[in-house]
Amino acid sequence: MTGSSVARFFKPVASLRLTIICLACAMFLVFVGTLDQVQIGVYEAQLRYFKSFFLYFNLPGSNFRIPYFPGGYTLGGVLLINLIAAHVSRFKLTWKKAGILILHSGLILLLIGQIVTSLFEEESQIQLDQGQTKNYSESPYFDELAIVDQSKPDSDEVISVPAGRLVKGQTISLPVAGLQLQVDESFENAALINPNQLPSPTYPHLRLGPMAVAVAIPKTYKQDERNQPAAAVTLLKEGQSVGSWALASGFPQPVQFKVGADPYQIVLRPKRYYRPFSITLEDFRHDRYAGTEIAKNFSSKVRLVDPSAHENREALIYMNHPLWYSDLILYQAGFGNNDKTTVLQVMKNPSRLVPYIACGMMALGLLIQFGMHLVSFVRKRVIA
Amino acid sequence: MSFPQLCSVIKGLVRLGRRGFCLHSLGPVAPAALLAGLALAACHNENISVYRIPKENNQVSMENGSGNLAPPPPTNPASWTKPDGWSEKPLSEMRLGSFEVAGANGESADVSVTAFPGDAGGLDSNINRWREQVHQPALETEQLAQTWKEETVDGAPTIVVDLQSPDGAEKAGAILGAVLRTADRTWFVKMSGPPDLLKAQKDNFLHFVRSFHFPSTEHSQEPPPSQVKSTNDR
Chain A
23 MTGSSVARFF KPVASLRLTI ICLACAMFLV FVGTLDQVQI GVYEAQLRYF KSFFLYFNLP
83 GSNFRIPYFP GGYTLGGVLL INLIAAHVSR FKLTWKKAGI LILHSGLILL LIGQIVTSLF
143 EEESQIQLDQ GQTKNYSESP YFDELAIVDQ SKPDSDEVIS VPAGRLVKGQ TISLPVAGLQ
203 LQVDESFENA ALINPNQLPS PTYPHLRLGP MAVAVAIPKT YKQDERNQPA AAVTLLKEGQ
263 SVGSWALASG FPQPVQFKVG ADPYQIVLRP KRYYRPFSIT LEDFRHDRYA GTEIAKNFSS
323 KVRLVDPSAH ENREALIYMN HPLWYSDLIL YQAGFGNNDK TTVLQVMKNP SRLVPYIACG
383 MMALGLLIQF GMHLVSFVRK RVIA
Chain B
3 MSFPQLCSVI KGLVRLGRRG FCLHSLGPVA PAALLAGLAL AACHNENISV YRIPKENNQV
63 SMENGSGNLA PPPPTNPASW TKPDGWSEKP LSEMRLGSFE VAGANGESAD VSVTAFPGDA
123 GGLDSNINRW REQVHQPALE TEQLAQTWKE ETVDGAPTIV VDLQSPDGAE KAGAILGAVL
183 RTADRTWFVK MSGPPDLLKA QKDNFLHFVR SFHFPSTEHS QEPPPSQVKS TNDR
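Residue numbers (my numbering), protein chains in the order written: chain A, 23 to 406; chain B, 3 to 236.
Any given hint could turn out to be false.
Stated by the list, open to error - Looking from chain A toward chain B, a few residues come up when the C-beta cut is under 10 Å (computed): (1) LYS174; (2) VAL183; (3) GLN278; (4) MET341; (5) GLN354; (6) VAL365.
Unchecked claim - In silico SDA-like links for lysine to any residue, alpha-carbon gap of 25 Å or less: (7) LYS119/A to ARG39/A; (8) LYS370/A to ASN49/B; (9) LYS118/A to ARG297/A; (10) LYS204/B to LEU125/B; (11) LYS91/B to VAL170/A; (12) LYS57/B to LYS241/A; (13) LYS231/B to HIS343/A; (14) LYS244/A to SER232/B; (15) LYS231/B to VAL170/A; (16) LYS57/B to GLU304/A; (17) LYS231/B to ARG87/A; (18) LYS318/A to PHE299/A; (19) LYS241/A to VAL281/A; (20) LYS280/A to PRO92/B; (21) LYS84/B to PRO232/A; (22) LYS231/B to GLN262/A; (23) LYS280/A to ARG54/B; (24) LYS231/B to LYS118/A; (25) LYS84/B to ARG54/B; (26) LYS280/A to GLU90/B; (27) LYS174/A to GLY186/A; (28) LYS323/A to LYS231/B; (29) LYS231/B to GLU145/A; (30) LYS323/A to LEU338/A; (31) LYS259/A to PRO92/B; (32) LYS370/A to SER232/B; (33) LYS201/B to LYS231/B; (34) LYS201/B to PRO159/B; (35) LYS84/B to GLU152/B; (36) LYS156/A to ARG97/B.
Said to hold, decoys possible - Computed footprint of chain A on chain B, listed as stretches where at least three residues anywhere in the stretch have a Cβ under 8 Å from a Cβ of chain A: (37) 51-58; (38) 126-140.
Hints in this document: simulated from the structure, not taken from any laboratory.
Here the structure is a predicted model, which is why all the values come from computation and not from measurement.
Just so it is clear, CB atoms sit at the ideal spot from N, CA and C, and this is done for glycine as well.
Kindly produce the complete structure, drawing on both the sequences and the hints.
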């Protein structure tokens with residue numbers, strides 16, 4: 023394909039009209055998403071409006087969804103293609119256009135950075151009691167059904183099934199020879215109550231044990247609450263049932279069972295991200311201004327041990343002083359249990375520097391472009 | 003990639019660069035790749051994964067997630083001292099401790115230790131549930147309070163009940179139960195079996211309950227711990 027034929031191919035998508043329509047749609051999306059955020063919370067609003075291809079309308083009484091407006095991914099993707107196409111078909115690589123080129127390259131980088139963030143960003147938390155050590159962080163949003171093969175003497179194999187895959191009536195083939203998971207019941211959010219509290223014995227519930235049952239409750243969108251799914255599952259090996267369990271993320275107690283002679287565990291819990299290092303909370307401080315309850319400082323003194331990197335050191339995490347380790351950043355995010363528990367936010371975002379670089383490029387592009395205009399304007403005035 | 007191959011790729015790129023943009027050569031691949039990337043971004047959290055982790059000993063731990071609804075986990079579960087003559091049984095659903103107590107004539111009693119977040123449905127309903135198991139009628143709070151003994155175990159308010167099936171019941175049974183309330187959860191210790199065996203084992207049961215130690219939790223005389231808060235909260 024020659025350069026001119028590619029330019030012809032790109033011309034329709036390079037339309038400025040398309041840019042304007044996309045920008046108008048994006049403004050509308052931001053407006054509606056911000057309004058809806060009051061009802062459904064920041065995270066759900068991001069998922070529905072910005073991290074989606076379309077906004078959907080659910081037909082009442084059915085699972086059928088009708089797309090009615092482009093979502094953030096569609097608009098961002100079309101804008102990116104539109105911008106690249108405009109460069110390919112219209113713009114010329116000349117010094118006069120250098121400012122615009124740098125400015126648009128910054129914009130393209132910003133959009134691509136957002137895609138990379140969507141693809142690879144990982145947000146999780148480590149909740150530690152004083153003296154407690156963990157080598158994993160947990161998702162504040164997602165849960166997993168973990169089936170742990172404990173048959174090996176030195177390590178365990180974890181099969182992690184996202185809770186979102188647990189749909190009633192489905193059978194999921196696990197990527198381990200011959201194992202299948204049958205979902206008998208599934209609640210997106212569940213409350214744990216005593217069996218005596220059930221409105222009637224036939225009220226839909228999952229029996230977790232002699233003193234607790236899980237009942238479905240509406241999904242929560244509140245900022246300070248999380249959905250705690252519950253499910254009844256049957257594990258099959260070569261089509262034969264190994265066992266059935268009722269599990270709830272609100273009570274993530276692993277249940278032991280055997281497949282043949284091999285010991286296994288099954289548990290529904292917040293999704294875990296295991297790390298090659300461990301973090302121990304040595305001390306948590308919640309300092310207040312003298313004579314008041316107003317917080318002055320939150321800090322967590324932690325010990326970081328990474329045998330693979332021969333690392334064993336203390337670190338103090340406090341406001342604006344996160345711990346940078348490997349490709350992760352650990353921030354002080356919360357506390358509880360009468361100031362004996364700390365919550366550290368763990369962020370992994372390989373493109374975290376991209377927005378800074380992109381904005382720098384855009385500023386530089388604007389500076390060059392306006393600078394060039396200013397210089398030529400001043401020159402013209404001098405000549406006149 | 004060999005050096006000559008690398009050189010030819012660089013030369014090709016330079017040639018394309020001179021003609022215009024390298025993007026010219028991508029043609030319709032670029033938008034397709036972009037859309038594929040976005041599609042991946044939309045569903046990458048729904049994949050089943052398999053990975054290996056170092057061994058962890060969490061068989062009886064009460065580890066809890068970072069869920070804001072769930073109480074924060076204690077550093078260790080409660081510890082206790084098993085009386086002589088009690089044999090440990092494999093842990094099953096919900097049990098943090100499980101024992102068998104053998105008596106005369108092949109009789110045996112079962113001892114379980116469980117713990118639930120919060121007040122686990124309330125003290126009255128739990129004691130009444132035990133009463134129903136030995137065919138005793140459910141009672142109101144005031145009457146119930148007269149049937150239990152109160153004491154404190156390692157700072158945790160504790161009540162102990164001794165329940166027996168009424169005379170003439172079809173199947174005689176008894177329950178020795180203790181409910182210990184720590185700041186974030188309620189612990190239930192229950193021994194069930196034939197009345198004679200439980201009578202003989204009552205001292206052992208009380209010793210067992212009094213041996214409970216809660217290393218990391220604070221007890222319910224103090225204000226209950228709040229949920230985990232954000233450091234941004236005022």
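Failing hints, ascending?
Violated hints: 9, 12, 15, 17, 18, 19, 22, 24, 25, 27, 33; rest satisfied.
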